[in-house]
Amino acid sequence: MQVQDKKTRNPAELRCKIGLLIFLLLGAALVVAGMWGMDQYSSSGFDQEAGYSYINQLTPELEKLYNEGIKPELEGLDAGQRSAIKQRVGELLITAWTEAAKEDRSALVETYLSDTDDVEKTQMKLLSVSYSMAGPKVSSKEKKALAAMDDAERAAFRDAVLLGILDDTVELPALAADAVEGEEDLKRDGILMQLFLTSVNKESEPLPTEMVNGLKKAVRTADPRFAAYSMAEKGSVSWIEQLLLSNTTTTVLIGVVLMFDVLLLFFLLKADGSWQMDFKWIVILAIIDFMVIFQVMPLVYLVFKAFFPDGKFTFEVFTRLYTYPMNLGALTNTLIAAGATMVLGTLLAFPLAWLVGRTNLYGKKFFRSLFVLTYMVPPYLGAMAWLRLLNPNVGTINVFLRTLFGLGDAPGPLNIYSLGGLIWVLTTFYYPYAFITISRAMEKMDPSLEEASRISGASPITTVFKITLPMTTPSLIAGALLVFISAASCYGIPSIIGAPGKVHTVTTRIIEYNGLGAQGLSDATGLAVFLMVIAIVILLFSDLVIAKKQYITVSGKSMRPNIVDLGRWRIPVTLMVSAFAVLVILIPFATILTTSFKTDVGKSVFDKTNFTIENWTEIFSRTETIQCLKNSLVFGIFTATIGIVIACTMSYLLQRTRIRGRKIPDFLIALGSGTPSVVIALGLIMTMKGNFGINIYNTAYIMVIAYLIKYLMMGMRTVVSAMSQIHVSLEECSQISGASWAKTMFKITGPLIFPSIAAGWFLIFIPSFYELSMTTLLYSNSTKTIGFQLYEYWTFTNQPQACAMAFGILMIVVALNFLLNKLTKGEFSI
Amino acid sequence: MASVNIKNVTKAFGPVVVLDQFDAMFENGEFITLLGPSGCGKTTMLRIIAGFEKPTKGTVLFDDKVVSDDKVFLPPEKRDIGMVFQSYAVWPHMTVFDNVAYPLTIKKVPKAEIKKKVDHVLAAVHLTQYADRIPSQLSGGQQQRVALARALVASPALLLLDEPLSNLDAKLRESMRFEIKEIQKEYGITVMYVTHDQTEAMAMSDRIVVINRGVIQQIGTPKQIYMEPANPFVADFVGKIEFLEGEVKEGKIVLDGCGQKLPYDGPLTGKVLVGIRPEQLQFAKAGDGELTGVIKSHFYLGNENDCRIDLGAGKEVRIIADPYESMDVKAGQQVSLKVRHYHAYPLNEDSLNFRKILT
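One line per chain: the protein sequences are A and B, in this order. Position one of the first sequence corresponds to residue 6 (my numbering), numbered consecutively onward. Position one of the second sequence corresponds to residue 8 (my numbering), numbered consecutively onward.
One or more of the hints may lead you astray.
To be verified - Derived lysine-lysine pairs resembling DSSO-like cross-links, with alpha carbons at most 30 Å apart:
#: 1; chain 1: B; residue 1: Lys61; chain 2: A; residue 2: Lys471
#: 2; chain 1: B; residue 1: Lys124; chain 2: A; residue 2: Lys471
#: 3; chain 1: A; residue 1: Lys126; chain 2: A; residue 2: Lys76
#: 4; chain 1: B; residue 1: Lys188; chain 2: B; residue 2: Lys178
Keep in mind that the hints were calculated from the coordinates and are not lab data.
Full structure from sequences and hints, please.
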């Protein structure tokens, strides 16, 4: 027995275990070190989570203060005066910081100023934020007096104060003169500068008090606070800077992830039993780490925050939320709208799928592509179109109906700004989800199952109800649930239709709450948890219903026998399907197009005075729009390219290896795609601003990561299913012929699955390109996308221009689809 | 019970003609097999009879009733046919009983009668104890019998079987062949059977219709098809055969190249194509046989001895000899062959091209 034992013990096992233990200890050491560092920091008074959050909020405010309140004044000075002011501000800044630190900090100021091209601006902003937090006191009496001034008085006061800093002899307004009574030199100038800053607006609030107090509370000691000022001045916190300033949390994060990886690897090795380290595990772990950090952690934290808003367990968030009628209304609206959309969408999708897949309907292929194409169109586009069509006052269809039935000029008869309107638009945009799922199931279903029913004496209709419907039920349910969850988590449509109509949904409430500071964020988490729970329940249920998972993938083939001859119904049914297509596809798109040529949205485009191409020239010449378009393209390309690399890697792992743990990333990716967009974005906002060692808030990274989490699966499924179709013997044959693994991938597998890789790339790119829901939460001034720009223009500025952008986006999507079709030689189109 | 009369049926899918002027009459109670290589049009013919395809031209009659012509087209559910599909098409969401009862349920037959009929047909296919199972719990052969029971339960006039045995393993296939034949006898039903397996066709059919490229090559009993194949295609498709070219000269066929002669008293003259099946040859004593040659190779298979004989000038024939009579044959040995029977066809482009037709 003893001998046997020794023999079966694998020497590699011991080596592996020792190696893992070393890494585990390393991870633990990092965590301990990081914790120690955090402890140091917290005793030094830097609450990083709150700190970074306020820093990020202050950035745009500071920019605004400088651009609107300071720059114009400085520009009013002559060159000499301006350089004198610059000189003086520099001195004030050093003095302020030196006093605060009770040690000389001129070197620190120099450091912060040295890497900037616009010293004047930088030091002015640094001084502004310093003075807001801890500058010369402005009494409430003085504030009141300032507030009492009218705009002209205030302007005169500010001019005088600014000049007073330059020249002691200038006569100051009474208020300022009183304040500097008995003070001189820097001290006097400091007070004047504070008065200059305070008087920037009626409220005497150069920067919002809430943020200033928040940052004060979060950063209590001098040097971290100066660092915070500098970060706020520069814009969002770069990750390098953050790593340097707060590497403590990052260290903890790296340590935790390392320990997690080691433990996971241990279980994988143990389950595998061979104790042979495999490079593939490193790849799997890397993908898992990415998903855990950017997807699982944010979601877990979101739930945690909803139940532990202040670190203690409470239902307070939920009771506060759900006793508020508007939220309760949003909740019921969401459930009703999503439920109705699910029912209507499925009721539309099943007959359409059947007609296209099982009968001799005219133009089946064309209709199929048409219905599937809608899937690739941004939903907000439909909302915009239907708003123009069904606006109670000027909606084209309403006007038409009123004229037709002589209803007079009263608004109506149809009103888009209603729950019904919301359901209608949601239905027209989400029925393709069910259509695709059901069509796919029908394509896979052996047609002889239906033929057997016919030959048994059943009519085509009986066959539909007794055979086709029951057989496709799992996919029908899956499709219906997909419609439900997509409609429930949709933001674009309810934000456009719901907001003016006061029809709130959970998503619009979440995004509204998010804009309302800390309390708002915590309320948003409560709603997000609600949405997430629905999504997860549905995801699990859907998996349960269809034991074999079915996902939406694209493919071109649709050669099916015409099992049912529509006979004399062939023409009427084709006409009905055409009418449906015209109603839900042609009319909305045409409306977008015509509106883009209008000056006044309420009048006809054929009215000579109303026709203009200005909207188009405008969107193509406005630098902001072009910048947004560039952002969208860049984000989309990055997301799709990173995504397709992961997708190909995962496909290889899933289809060509039996490596343990390969299904974990697969599961996480599926989970990500099932999570509502706003929930993903909210989770990222709450965890990616430095509090967990990573700060990518307000950057392009956070956008690309969010898109990846949401859309990666679409690309992955396409590549996986293509790879599963290629028999492994084709690869083995190449290797037997002497080709290396890499050469085989490049020469055999690559070319064979290239069409699917291209399709997968586009499937990730297109939704990322026009994304709105997540962008609304994650954008910053420098990372606005075309979808968001369009939304802003629609809501606040100019609907015809928004329509021009929308039609532009539509054209890009159609063009890409065409390109894809050419690229894959007709095998794929979306 | 029904006879099936197919008059001049042509079916084209776009420019591709899959059935060309198909003309046949099948009698009541006959077991008819449509035999041919894949893609020959046999399944299309079956689907036309079932009503799943509309012929481009021509008429189909059941007894005297037109079921399909230019004006009339009876949909499958009105044709009173039972059919077994290649994939069985057993509905996975119903139990065996419900699957089999379906044709009766559709006809709104009273429950008690359904029960009686289904039990009877399930007994006939030996599935009585599986009535409450769902199809995924059954083996391929059992599912196949469910399909058969369902096709039979409503006592249709005509039973169509589309390669029903092709998904079964060899042993099961043989026993099912027997069962289907038994059931046909019991129900006295007209059966049309589609297959590309000649053994199946030979074993089961009253008459075989050999089809190639959408054209009927020959209709006849298994014996006729085998012993008197109408053309080289039929001869080649059913059974094994070797072809040699030759010329009729003075009551003999002189084989090209080797110059050996076969006795001939048929009507052909000039160039001919001679087909000899391996079992039509027999080893003979020297000087006794029609042909002589040298054994090129031989494969001893236990129940037979499969030899190739070189007749000279590269011309070869194959003989499947009795192993006891050819125990000692060796490669290189000079042998004499007796020709018991052979087939001769005029040598023309068609007869030379039949192999191309096949593939």
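Here is how each hint holds up against the structure:
1. B:Lys61 to A:Lys471: Holds: B:Lys61 and A:Lys471 sit about 25 Å apart, inside 30 Å.
2. B:Lys124 to A:Lys471: With Cα atoms ~21 Å apart, B:Lys124 and A:Lys471 stay inside 30 Å; holds.
3. A:Lys126 to A:Lys76: holds (8 Å)
4. B:Lys188 to B:Lys178: The hint holds at about 16 Å.
Violation of the numbered hints given earlier is absent; every hint is satisfied by the structure.
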